[in-house]
Amino acid sequence: MIYQFAVCDDKAEDGRLISQLCAQWGRRTGAEVELEIFPSAEAFLFRYEEKKDFDILLLDIEMTGMDGVELARTVRRDNEDVQIVFVTGYSDYIAEGYEVSALHYLMKPVNEEKFDQVLTRAVSRLARNEAFLTLELPGETVRVPLPEIRYLDVRQNYVTVHAKRDYTLKRPLAELEASLDRRFYRIGRSCIVNLTCVRRVTRAEAELAGGERLPLPRGQYEKLNRAIITQI
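Here our numbering is used: the first residue of the sequence shown is 1, the next is one more, and so on.
Treat the hints as calculated values from the structure; they're not laboratory data.
Treat the hints loosely; a few may be bogus.
As the list claims (entries may be wrong) - Once the Cα atoms are required to be at most 16 angstroms apart in a straight line, the calculated EDC-like pairs of lysine to aspartate or glutamate come out as:
#, residue 1, residue 2
1, K164, E62
2, K11, E42
3, K11, D67
4, K11, E36
5, K108, E13
6, K108, E222
7, K164, D78
8, K108, D10
9, K223, E205
10, K108, E62
11, K51, D81
12, K170, D153
13, K51, E36
14, K164, E148
15, K52, E80
16, K52, E36
17, K51, E34
18, K52, E34
19, K164, E80
20, K11, E62
21, K170, E140
22, K52, E42
23, K164, E212
24, K170, E136
25, K51, D78
26, K52, D78
27, K52, D81
Whole structure, please, built from the sequences with the hints as guidance.
Spelled out as structure tokens, the structure:
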């Protein structure tokens, strides 16, 4: 399979180094890599207007003009599947990573072994994005892509799957849970959340990127944070 990479960094030397690491990862893993380097967020977005099939974005954060976080927000408005990795000399932006579902933060200077691990996880995520949850509804069968599912909750023996639209069916939550993958986490007896959709966590609730707020049972704050760190 051919993977489309984009590297965005206003320091030419850093951009070339990241591109070399991508090529070396491809040779070691047998993956075919096609890569473009951009000197600014604005240059990337100009190209993105005509080419939206990038699989993995490796973005610097501190750049002249638009920064990497704002670039990621712009891309996320119409692309939930692309894998975003921040490659930065700064560790002050991790909270923003929740909002744009960043896969990882790699600190400069980049550790080659860690870099390889992150790219391998990115490719694994891309494969998982093809998975579906099959729902048997009255008069129809619906296949809902797992990345579209924000959360599932139970009310009076009925489960509602919250995705681009809501689907309600009478089926045990545990049965649906068995068809999900490790991006999903049960935060109580009656709710399962897609970890990639979590934007902020407090001791009282988990706030999702779409604005929903899910109450957290007692003792779930630390567990949910650990699940997010492990999953990404």
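We went through each hint and held it up to the structure:
Taking the CA atoms of K164 and E62, the gap is near 33 angstroms; set against the 16 angstroms cutoff, the hint is violated. Under the criterion of a C-alpha separation no larger than 16 angstroms, the hint pairing K11 with E42 is consistent with the structure, at around 14 angstroms. With a C-alpha separation of about 13 angstroms, the suggested pairing of K11 with D67 holds against the 16 angstroms cut-off. Of the supplied pair hints, the one linking K11 and E36 holds, its CA atoms being roughly 15 angstroms apart against a limit of 16 angstroms.
Pair hint K108 plus E13 holds up; C-alpha atoms about 12 angstroms apart against a cutoff of 16 angstroms. Only pairs whose Cα atoms come within 16 angstroms are accepted, and K108 paired with E222 is rejected, the gap being roughly 28 angstroms. The hinted pair formed by K164 and D78 meets the criterion: a straight-line CA distance of about 13 angstroms does not exceed 16 angstroms. For the given pair, K108 sits about 14 angstroms from D10 by alpha-carbon distance, which is consistent with the 16 angstroms threshold.
Taking the CA atoms of K223 and E205, the gap is near 13 angstroms; set against the 16 angstroms cutoff, the hint holds. At most 16 angstroms may separate the alpha-carbon atoms for a hinted pair to count; K108 and E62 meet this at roughly 12 angstroms. With a CA separation close to 15 angstroms, the supplied pair K51 and D81 stays within the 16 angstroms bound. Of the pairs offered as hints, the one joining K170 and D153 holds, with about 12 angstroms between alpha carbons and a cut-off of 16 angstroms not exceeded.
Of the supplied pair hints, the one linking K51 and E36 holds, its CA atoms being roughly 11 angstroms apart against a limit of 16 angstroms. The hinted pair formed by K164 and E148 meets the criterion: a straight-line CA distance of about 6 angstroms does not exceed 16 angstroms. For the hint pairing K52 with E80, the CA-to-CA distance comes to about 12 angstroms; that is within 16 angstroms, so the pair holds. At most 16 angstroms may separate the alpha-carbon atoms for a hinted pair to count; K52 and E36 meet this at roughly 13 angstroms.
Taken as a hint, the K51 and E34 pair is honoured in the structure, with Cα atoms around 13 angstroms apart against an allowance of 16 angstroms. The hinted pair formed by K52 and E34 meets the criterion: a straight-line CA distance of about 14 angstroms does not exceed 16 angstroms. Annotation: proposed proximity of K164 to E80 holds, straight-line Cα distance about 12 angstroms (limit 16 angstroms). At most 16 angstroms may separate the alpha-carbon atoms for a hinted pair to count; K11 and E62 meet this at roughly 10 angstroms.
As the CA atoms of K170 and E140 are separated by approximately 14 angstroms, the hinted pair is consistent with the 16 angstroms bound. Note on K52 and E42: the hinted pairing holds, with a Cα-Cα distance of about 15 angstroms set against a maximum of 16 angstroms. For the hint pairing K164 with E212, the CA-to-CA distance comes to about 13 angstroms; that is within 16 angstroms, so the pair holds. In summary, the hint linking K170 to E136 is supported, as the alpha carbons are separated by about 10 angstroms, within the 16 angstroms threshold.
For the suggested pair K51 and D78, the alpha carbons sit about 13 angstroms apart, so the restraint of at most 16 angstroms is met. At roughly 10 angstroms between alpha-carbon atoms, K52 and D78 fall within 16 angstroms of each other, so this suggested pair holds. Taking the CA atoms of K52 and D81, the gap is about 11 angstroms. The hint holds against a cut of 16 angstroms.
The structure shown violates the earlier hints numbered 1, 6.
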